[in-house]
Amino acid sequence: MEVTTANLKDRSDSGVAAMLSRFRNLVALSALGKKDGQKDDGTAATKEVAAAHALSMEVESAALVTAAEDLLRLTRELKELWLFGPLRGIGEGEGEGKMDEDSVKVGELVEAMLRKDAASANSNLGS
Amino acid sequence: MNSTIPNGTPISLRSWPSSSKPQEQDAISVFFERINREQGGLRSITEDGLRQEIAEAEEGKAGKQDEGDTEEEDEEDPLDRKKELLMARDEMLGHIESAYHSASVTLDFISLLLSKDTPVQATLSMSPALKEIVPLGTLGVDRLQAPRIDKAQKDDNKRIAKGWKIQNINKTVDTILDSATRLEKEIESETKYWGEVLAISEKGWAVCRIPSEKQTLGVRFGFPEASLTFKNQSLAALRRNADGSIALDQGFAGSEPQVLRVRVQVNGVDTGSSAMPNAVADTAPVEAFILQARNTIFSSELWQELNRESRILGGLGVQAVDDIIVLSFNSTKKIVLDLVPLNDSTPLSSQPDDRLAEGIKLSLNLLLSFAHRQNHRRRTQPPPPISGRKRQTPSYNLLRPIITRLNHQRSIDALSSLLSDLRSIFSSASLSSNAEFKITHSPPQPPPIPNISNAERTVLALTSSLEATAIFKITPTTTISVVSQTAQAPAPTIIYIITLNPESPLTVRFSAPAQPLTTFTAVKEYILHATSCALAADHTSRSPSDNEIHKSAPGKSGWHLVVQPNVLRKIFEGGKGKHLGFHFDRKEGSGLRFRVVWDWMRFDLNDDSNIMLGKEEERIRGEGVYEWRSKRRQGGKEWEDGEGEVVRSLGDVIEGAGRWVDV
Numbered sequence: 001m002e003v004t005t006a007n008l009k010d011r012s013d014s015g016v017a018a019m020l021s022r023f024r025n026l027v028a029l030s031a032l033g034k035k036d037g038q039k040d041d042g043t044a045a046t047k048e049v050a051a052a053h054a055l056s057m058e059v060e061s062a063a064l065v066t067a068a069e070d071l072l073r074l075t076r077e078l079k080e081l082w083l084f085g086p087l088r089g090i091g092e093g094e095g096e097g098k099m100d101e102d103s104v105k106v107g108e109l110v111e112a113m114l115r116k117d118a119a120s121a122n123s124n125l126g127s
Numbered sequence: 001m002n003s004t005i006p007n008g009t010p011i012s013l014r015s016w017p018s019s020s021k022p023q024e025q026d027a028i029s030v031f032f033e034r035i036n037r038e039q040g041g042l043r044s045i046t047e048d049g050l051r052q053e054i055a056e057a058e059e060g061k062a063g064k065q066d067e068g069d070t071e072e073e074d075e076e077d078p079l080d081r082k083k084e085l086l087m088a089r090d091e092m093l094g095h096i097e098s099a100y101h102s103a104s105v106t107l108d109f110i111s112l113l114l115s116k117d118t119p120v121q122a123t124l125s126m127s128p129a130l131k132e133i134v135p136l137g138t139l140g141v142d143r144l145q146a147p148r149i150d151k152a153q154k155d156d157n158k159r160i161a162k163g164w165k166i167q168n169i170n171k172t173v174d175t176i177l178d179s180a181t182r183l184e185k186e187i188e189s190e191t192k193y194w195g196e197v198l199a200i201s202e203k204g205w206a207v208c209r210i211p212s213e214k215q216t217l218g219v220r221f222g223f224p225e226a227s228l229t230f231k232n233q234s235l236a237a238l239r240r241n242a243d244g245s246i247a248l249d250q251g252f253a254g255s256e257p258q259v260l261r262v263r264v265q266v267n268g269v270d271t272g273s274s275a276m277p278n279a280v281a282d283t284a285p286v287e288a289f290i291l292q293a294r295n296t297i298f299s300s301e302l303w304q305e306l307n308r309e310s311r312i313l314g315g316l317g318v319q320a321v322d323d324i325i326v327l328s329f330n331s332t333k334k335i336v337l338d339l340v341p342l343n344d345s346t347p348l349s350s351q352p353d354d355r356l357a358e359g360i361k362l363s364l365n366l367l368l369s370f371a372h373r374q375n376h377r378r379r380t381q382p383p384p385p386i387s388g389r390k391r392q393t394p395s396y397n398l399l400r401p402i403i404t405r406l407n408h409q410r411s412i413d414a415l416s417s418l419l420s421d422l423r424s425i426f427s428s429a430s431l432s433s434n435a436e437f438k439i440t441h442s443p444p445q446p447p448p449i450p451n452i453s454n455a456e457r458t459v460l461a462l463t464s465s466l467e468a469t470a471i472f473k474i475t476p477t478t479t480i481s482v483v484s485q486t487a488q489a490p491a492p493t494i495i496y497i498i499t500l501n502p503e504s505p506l507t508v509r510f511s512a513p514a515q516p517l518t519t520f521t522a523v524k525e526y527i528l529h530a531t532s533c534a535l536a537a538d539h540t541s542r543s544p545s546d547n548e549i550h551k552s553a554p555g556k557s558g559w560h561l562v563v564q565p566n567v568l569r570k571i572f573e574g575g576k577g578k579h580l581g582f583h584f585d586r587k588e589g590s591g592l593r594f595r596v597v598w599d600w601m602r603f604d605l606n607d608d609s610n611i612m613l614g615k616e617e618e619r620i621r622g623e624g625v626y627e628w629r630s631k632r633r634q635g636g637k638e639w640e641d642g643e644g645e646v647v648r649s650l651g652d653v654i655e656g657a658g659r660w661v662d663v
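Going down the list, the protein sequences come from chains A and B.
When we follow my numbering, the leftmost residue of the first sequence carries the number 1, and every step to the right adds one.
When we follow my numbering, the leftmost residue of the second sequence carries the number 1, and every step to the right adds one.
Keep in mind that the hints were calculated from the coordinates and are not lab data.
Where hints are given, some of them may not hold.
Unchecked claim - Straight-line alpha carbon distances no greater than 27 Å define the calculated DSSO-like cross-link-like pairs of lysine-lysine that follow: (1) LYS438/B to LYS116/A; (2) LYS9/A to LYS192/B; (3) LYS47/A to LYS185/B; (4) LYS524/B to LYS438/B; (5) LYS203/B to LYS105/A; (6) LYS214/B to LYS79/A; (7) LYS192/B to LYS79/A; (8) LYS214/B to LYS9/A; (9) LYS192/B to LYS214/B; (10) LYS79/A to LYS203/B; (11) LYS333/B to LYS116/A; (12) LYS116/A to LYS192/B; (13) LYS162/B to LYS47/A; (14) LYS116/A to LYS473/B; (15) LYS185/B to LYS79/A.
With these hints in hand, go ahead and build the complete structure from the sequences.
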């Protein structure tokens, strides 16, 4: 599955939409099914209907949690992409940096010190 | 000739693989396969290990019967769970199947029922099989009597429904709340984890995904140009703890931190040691651990490359013994390298040669990084043409540049001490107006590699193609110049190129060696002899015509050159002649010595008879020796014992030598 901007946007949108729709379903199911203006005959609030609603509510709540986890997964993928994926410019962090100038100075210092040591400490090194 | 196999097809001469069982069991390749599979390779197998394993297996069998049930239960438990899982899965599938079947049967029944009243809708929900078997509208439903649900039951139903609904809502709320708290905690720890990972990444470490576990992040702290064994160890996993903080997990390659230690020893006693950092405490942030891991892998790679290089440097005074490498620094000092684990060791007191040890360790680190850079360069250049031989990367130049530099320093010192001794002798012989010497260091020329960076140029400048020139002016007509050059391949050597200025009389009589010299002793001998010859040539008289000098002529005149370049001859009237010889030599402990010897010629020029030489001659009048010595700074002693007179100049000595004395 290609990782493109459109894909990621789709996934986030669908995740949000899924959560909202599941929640709406839950709320709808939790109602007693009484419509305004109808005869209060209680035919809508039977045990069978209640049982069916109970099962549906379980399904919807599980789906809600899954949708939330899906969004979480999406954010993690985004973080990974940001850190070391194609979002990073090419060649960042390479190059010599300050080492170049420092090295020249250090080289000169070392050379001078070695020559001074050689000139002054003639007897130390022995032969 | 008919042949079924066309020419040119390659023929394999291997026999068919035999399939008979007993032979298969014994074939050695099968053995190897089994060993690799079961024991994990031949490396870890020893005879003792195998015997131990056999003994353990026998013990195990005996012990098994004692332990019996508990063991079997334990062993069965995992098996049971697997079986349980599989059984449960099968059961679930069976249940789902039956549920599906019953649901579809019910659906068909209901739709058949409804097909009488609402055929359109019913046909939509009927399965095609049923449509074929039973025609539509064959079942009918009718109300027999009005529903006997009275109001009380309706109320009851309502209440039951309400109660059930409330229960379900509560249950749903509980589940949702639970998962919400769980997700919140998860998000918190994830945020913390990612915060730390970001901090690590911003410090410059490369974060990547671990190939074996796709969901764990890891950090690469190794060096991309290191050799393969070290590259495999250079990845560490960043695992998330319970509260979200990061722990570094180095896997099986993680070992205790190590560092290279450089010590300077004189006769077995340590006189200096490089600094050793402390091990990182457990409470330190992750970056400290990563840094320590990187230092460890750098040090272990450095150690391995040092060992590899020391194997080919035996001729240069490098020894690899046990776990240490010994390198001789000068006649008294030795440098000892070893790899030590970082414990919380007590810090050593500072010793006089600490700076030297630290300097050597730093330069070794720099040289390893330079070798990495060369690897990178070699990798990015187009590869050499393919040949049958396998190319191996040459061992890195780690100790060789240091040895080269030391040799260079030593040779410059030797040259300057020799020349300054000569100059002091000259001054004591009152010749100082002529003699001077100068040592210059020419700037190093790095080889023309394209795109070389300044850092690499510096390293090359400090270690390779070092050059120094010593110019020694003996007399106004003669100048010797000695160029000392270092070379690194195939072994660190120094060559000396000696040149004379062209108008010197020495070019005819004792010219500079055409090939560059390789030892300092040869150079020293050349310089000493050349100096004596130059001095001799300087004191010849300018008149070549007279062969015989009057006896009353001044001592300095009349000397002329002979075949031996450092001897002068003077012929007096009557055939007697004198020789004057100049010698330089160096004695251990007493420095440089300049001798002038004059004696009568042992044979007459006018006499053709051969005279036996070599007998012990007593000292005759008119012969003698005079010496000048270079003053060595030995505790303030200026004059040698027994020498209390004023030092004479060379001119006076020659004057004295050339005077005619009646014998």
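Please work out if LYS116/A and LYS473/B have their alpha carbons no farther apart than 27 Å. holds (24 Å)
Below or equal to 27 Å on CA atoms is what counts here, so check LYS192/B against LYS214/B. It holds: about 20 Å lies between the C-alpha atoms, which stays within 27 Å.
Between LYS162/B and LYS47/A, does the CA-CA distance stay at or below 27 Å? Between LYS162/B and LYS47/A the Cα gap is close to 9 Å, so the pair holds against 27 Å.
Proposed proximity, LYS79/A with LYS214/B (alpha carbon, max 27 Å): This hinted pair holds, its Cα atoms lying about 15 Å apart.
Straight-line alpha-carbon gap LYS438/B to LYS116/A, limit 27 Å: With Cα atoms ~15 Å apart, LYS438/B and LYS116/A stay inside 27 Å; holds.
Would you check the hint for LYS79/A and LYS203/B, treating anything up to 27 Å between C-alpha atoms as holding? The hint holds at about 17 Å.
Between LYS192/B and LYS79/A, does the CA-CA distance stay at or below 27 Å? holds (13 Å)
Restraint check for LYS185/B with LYS79/A, where alpha carbons must lie at most 27 Å apart: holds (18 Å)
Agreement of LYS116/A and LYS192/B with the hint, judged by alpha carbon distance not exceeding 27 Å: The hint is violated at about 55 Å.
Quickly compare the C-alpha distance for LYS524/B and LYS438/B to 27 Å and report which way the hint goes. holds (16 Å)
Sort out whether LYS185/B lies within 27 Å of LYS47/A, counting only the CA atoms. violated (38 Å)
Holds or violated: LYS333/B to LYS116/A, with C-alpha atoms at most 27 Å apart: Status holds; Cα separation ~20 Å.
Hints 3 and 12 from the list above are not met by this structure, while the remaining hints are.
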